[in-house]
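Enquirer: As a plain string of letters, each chain reads:
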Amino acid sequence: MKRKFQNSQSRLPDNTAVKQQQLPAYRLQLSAKEILSGFFATGVFCLGIGIILLLSAKSIKEIEINYTEKCANCAKLRENAANFDRECTCSIPFYLSEAMRGNVYMYYKLYGFYQNLYRYILSRSNSQLVGTDIKDVTNCSPFKNSPDGTPIAPCGAIANSIFNDTIVLSYNLNLSIHIKVPMLRSGITWWTDKYIKFQNPGSHNLSSAFAGTTKPLYWPKPAYELDEEDPGNNGFINDDFIVWMRTAAFPTFKKLYRRLHRIQHFTEGLPAGSYSFLFLDFPVSRFQGEKSVVLSTLTWSGGSSLFLGLAYVVTGAVTWLAFFSMMAIHLRLKERKVFFLQ
Amino acid sequence: MKRKMYFSLSHFHITAKYSMWSFLPRYLYLQFSKAANAFFLFITILQQIPDVSPTGKYTTLLPLLIILVISGIKEIVEDYVSLLLVNALKPTALGVPWCTTCFIFLSQPQATCYVATSNLDGETNLKIRQALLETAEMQTEKQLSSLSGKIECEGPNCHFNNFIGTLYLNGKSPVPIGPDQVLLRGTQLKNTDWIFGIVVYTGFETKFMQNAVQSPLKRSKVEQVTNLQILVLFLLLLVMSLVSCVGAAFWNGKYGANTWYIGKKGNFGLNILVFIILYHNLIPISLLVTLEIVKYVQALFINWVNEDMHYRRNDVYAMARTSNLNEELGQVKYLFSDKTGTLTCNIMTFKKCTIAGIIYGDHPCLITESSEFSDPKLLENFEENHPTKEYIKEFLILLSVCHTVVPERDGNDISYQASSPDEAALVKGAKKLGFVFTVRTPYSVTIEAVSSTLCTFQGFINRKRMSVIVRTPTGRLWLYCKGADSVIYERLSEDSLFVEETLTHLESFAREGLRTLCIAYIDLTELEYQQWLMMYKEACTVVQDRAQCLEHCYDTIEKKFLLLGATAIEDRLQARVPETIANLLKANIRIWLLTGDKEETAVNIAYSCKLLSGQMPRIQLNANSLEATQQVIDQNCQDLGTLLGKENDLALIIDGKTLKHALHFEVKKNFLNLALSCRTVLCCRLSPLQKAEIVDLVKNHVRAITLAIGDGANDVGMIQTAHVGVGISGNEGMLATNNSDYAIAQFSYLEKLLLVHGAWNYFRVTKCVLYCFYKNVVLYVIELWFAFVNGFSGQILFERWCISLYNVIFTSLPTITLGIFEQCCSQESLLRYPQLYTISQTGDIFNIKVLWIQCINALVHSFILFWLPTKMLEHDTVLQGGYTIDHLFLGNFIYTVRSSIVSMIFFFLQFSHLAVWGSIMVWLVFFTVYSFFWPTIPISPEMTGQAWMVLVCPYFWLDFFLVPIVCLIQNVIWKSNTCRRTLLEVVREMESSRGQELDRSGDPLCFALSGGYAFSQAEQAVVSQEELIRSYDTSKSKTRRTFFPAFSESSFE
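Chains as they are written, first to last, in our numbering: chain A, 325 to 666; chain B, -13 to 1039.
It is worth saying that the hints were derived from the structure and are not from the lab. Keep in mind that this is a model prediction, so the values were computed, not measured. No residue lacks a Cβ here, since even glycine has one placed at the ideal position from N, Cα and C. Where hints are given, some of them may not hold.
[To be verified] What the simulated footprint calls covered on chain B by chain A, stretch by stretch (three residues with Cβ under 8 Å from a Cβ of chain A suffice, anywhere in the stretch; the number is not a length):
1) 655 to 668
2) 925 to 931
[To be verified] Computed spacing ranges between beta-carbons, pair by pair:
3) A:Ser649 / B:Asn213: 46 to 56 Å
4) A:Ala365 / B:Leu32: 24 to 34 Å
5) B:Val688 / A:Ala365: 48 to 58 Å
6) B:Leu900 / A:Leu634: 31 to 41 Å
7) A:Gly372 / B:Leu51: 14 to 24 Å
8) A:Asp472 / B:Asn244: 27 to 37 Å
9) B:Gly904 / A:Ser649: 31 to 41 Å
10) B:Asn244 / A:Leu634: 29 to 39 Å
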């Protein structure tokens, strides 16, 4: 018999483990003992973490003040276009029974604002925001251009609907002395946003860099005048603007507004006492949902939500429950199992 | 027209599937005719509509292109390899005298030639073909070139045994041409150096090709289930899209007025497209190509396999000729096996004999694999005047005289040409013992015995016996007869000796599966002979019922036999056949033997390969008409009663004639019921088409996988019909191999192919499919959950490229690893406990139900995967520095946690460090790098800084550990159900402990006797064996054509 395959030499199997399919294989081999001890250990782990999380969440101080109702008057006033320039302040006093130690963060929280809508999220121009092409408004529909055809900067639905209430926290040392709590408006954005993703168009003079564009429809002033105190915080790199542009995942969301500048009275955080919020500006109030302002401290793990801690505790408890019931079954079947195996 | 001219290589015309130019259009057509690919093309087109796609324009195009390129490369490689293989085969094909066209036999020195038809009908004996008298004398090319005329013959058809034609030679009267002048494609010329012929049919017109079943496209059951499930997923996709659209409508009604910030709204029609695009990834885009790759590698494993499947003698390796059916090998329930060349080597050896009550050749140490008869005791007894010396002499003379073998002297060596390999074995055996058959003339034979030269003769052959009347040089008359024990024993004289002893020996031979022949003689007187001769001559001249008269005439002299002994011929089985069959039976595979050979031979082989055992009751179906068949089948069904439909320890034996009726429309169902109730089914005398029909019957009426194995052209039909066709390669014909799905060199390799590769591949492919469904459902249903918080707007949660590359990059590695390296348990265990095969055979681990369970499991996991992080992040500040998060943060958070759970699920599939940690690492590295793209590389600005923020978030790591625990705890509880342990788990445990062995309850193999006998004569041939041997006169010059009338006065030399 002649060889059928001339190339049979090359068909000789190499004696490698791969080709011979003799790679060492690990298979999950669950013996009763291993499972039970695994369950037990998992239960311990989950309960432990859960309790730690609960405790640390409890240590957080948080206060939330809803100002939708209380400042409704101002909102109404502003709705009339004639009162565009009139100042309206509304003040909400509150009392902090315990001091908030450490870093204190001030958030604004919106209820029922869907920043996660598909057409909303798409409506922005990243190349504009990174400063490469100020007139690129391709993706900004339906807020691309003003009615006269000038491209909007920053364009798009997100930018257009920016949160622009002004909130001031003051500490009432006594009835007559109200100290404005020093707040930092920097360092509230992701580092990459401030230094990579958002860049002003390259020009010394910001207003000339924005030449040929117009302000968004609902904005009272153009982007390069957002921060009157700090000229470096204007244009696309304005912190408040950047924070807003990072679209929230849920219809109810908090966004970082200010953080406590720990100087003078506040080196330790916010001392206990009486405070009040002043809401200064309501440039536009088309928003129909609720708004509130939140003061909060943080711990290593995060905020004040108990959910994760509870989830861990429940998981741990369920694991232990499974552990005990399986133990019981195992002990009961042990004798029978011996028979089965033999 | 010498022989070389008709050795065309037409059956190696496997041309490449693609040419350089046709590749692209053909390939694209092939790919897009697959529903899944067409669907993704459709999605790609949809995405081009502005404002509709939430995932950008090219996110489906890219993975689709990747997949097309990968499977295109695979196609090219496969095409190239098959081309190489064909090229490798071509030169070797030349050496084999194969007829590849049908042609009409014109001339040859003896005007006759032998052909082996085992490839067509599985019969072991050679057939005789006879040249036309009118052309027989034309033996030079010059003579032939003078020949002119025409041939009229019937059109191409599939009947092997029929041929009608007429040869019109110029100036001569027309000559009829029958099947005896036709050499068919697929037959093999034997014992003949050359012949002249005229080609009548070529290529597809040949009867062989006409018999070929249209090669069907075979798809595996797993593939069908998978396709069905893809369809189900598509429906799920539509349902999800509709639900989302309705949700969007509701949401718009409720909150739509408040969304002043969005500027414009979508409509329902547009929304549904948005959602279809959003959820389209639910359909695993990479599944098909992953399976293709996995199966391709699996096929390579079969080709590469270790030396276990390497037949050293021929240097032939196993070869997977298709990779579509790899997992089907793990599900075989019915095995249809050919006999000749598949179970047996088609080599007969004279192994044992019993002479005068003494058994020879039974010495245990002398029985080795290939040893022929060699027992010094026989010659000792013969030479040393043992009391049985005379019997031994008569016995050996009989062996060397009573046969139809033609000797051919080649120098000093004599070779024998025999139509029946049994006879050749016996004559060779006698030669070895000193009784050399040297010359045959029409009425004499000469043997060079130890002392004398003997002469003859009068011979006649009947179905189950053959007799010759011999006159020795000393003038004594003998009648020698050999035949089946049943025939001989009923004709024994009362004075016959050794009857009991021989019977015992026959039983012991039969128990070993040897083919036995009884040997007997009569000492005739001159008077008896002359009387009989007269009677015989009369009978020969009778016009009516001549055959009957002759039969009667034979009977008058063939009586009062004196028993000499018996021979035992081994139809050698291939190595390890009985063990393989025993293991396959243990694996709950039903084996049906389908053969073209005679019933007795088939039964014999079934015994020797332990397919039949002595205690096994047999149901024999032999009926000549439809009514009779129906009746006998109904009767048997009734007898079985409640046992019908169950598996009984019964053997069903049926022949081709009865089967023809049994396959009739009305009888078919009952016949099948009966056959399925038997453990073993033997079908004899089947035509190739019948073989295919019976396979088809089982395939269509039983929901089980069938496998057909054969080596010859007569098996091609059933090989193509069965779900899986296996060809035995390495024998001379390549036809079976070329039409098979898998080619192996030995029957015993089937064990490894099925029990190891089949089972492995099944586990691999099914787990691979399940995993693909799991990972897709787990990820993309999250989009639906997210729709509940984003007002059904169609917003995606993940970054678009992360979605589109999920299948082709991030999860391809574990999927392919699973498909290639998964081992349910080790090779040794699978071979040791064939029962494990039933796991894959029943298909319980992969069906629609299992797929649904897996999908629901994935649904639950995706629920946990989405809502746990959502609830954690919803009202909380999770980043140090008080930074707030965005939707993509949530997306990346979930996506990364997903990588852990999708890997952890591997603990239940097959753990592999590469797959588990590899896939997590691939994602993390990609994630990190990807977050630094913008604005240097202008893609995905939204990812900027995400990796850093996610990976430093403590909540992320807490969730990263919590989600797998929550998700998998139920699976662990499910899995660790300690009271219900399967055999597989027990075996695995043993493997890991390498401890005690399972006790194997092996039945003591018992056999009982059967009367097997070796007598393979052509029965229906027009030129009978008897006539043929009369035509030979080997004492004369070879080229002389000798063809004598059937009978004349005996001549003595």
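Enquirer: Work down the list of hints and note, for each, if the structure agrees.
Expert: Verification of the hints:
1. 655 to 668: Our answer is that it is violated, as 0 residues pass the Cβ test (under 8 Å) against chain A, missing three.
2. 925 to 931: n = 4 at 8 Å, threshold three: holds.
3. A:Ser649 / B:Asn213: 46 to 56 Å: Given a distance of about 41 Å, which is not inside 46 to 56 Å, the answer is violated.
4. A:Ala365 / B:Leu32: 24 to 34 Å: violated, 50 Å
5. B:Val688 / A:Ala365: 48 to 58 Å: holds, 50 Å
6. B:Leu900 / A:Leu634: 31 to 41 Å: For leucine 634 (chain A) against leucine 900 (chain B), whose Cβ atoms are near 37 Å apart, the range 31 to 41 Å holds.
7. A:Gly372 / B:Leu51: 14 to 24 Å: violated, 49 Å
8. A:Asp472 / B:Asn244: 27 to 37 Å: holds, 29 Å
9. B:Gly904 / A:Ser649: 31 to 41 Å: Since glycine 904 (chain B) and serine 649 (chain A) have Cβ atoms about 36 Å apart, the given range 31 to 41 Å holds.
10. B:Asn244 / A:Leu634: 29 to 39 Å: holds, 32 Å
The structure fails to meet hints 1, 3, 4, 7 from the earlier list, while all remaining hints are met.
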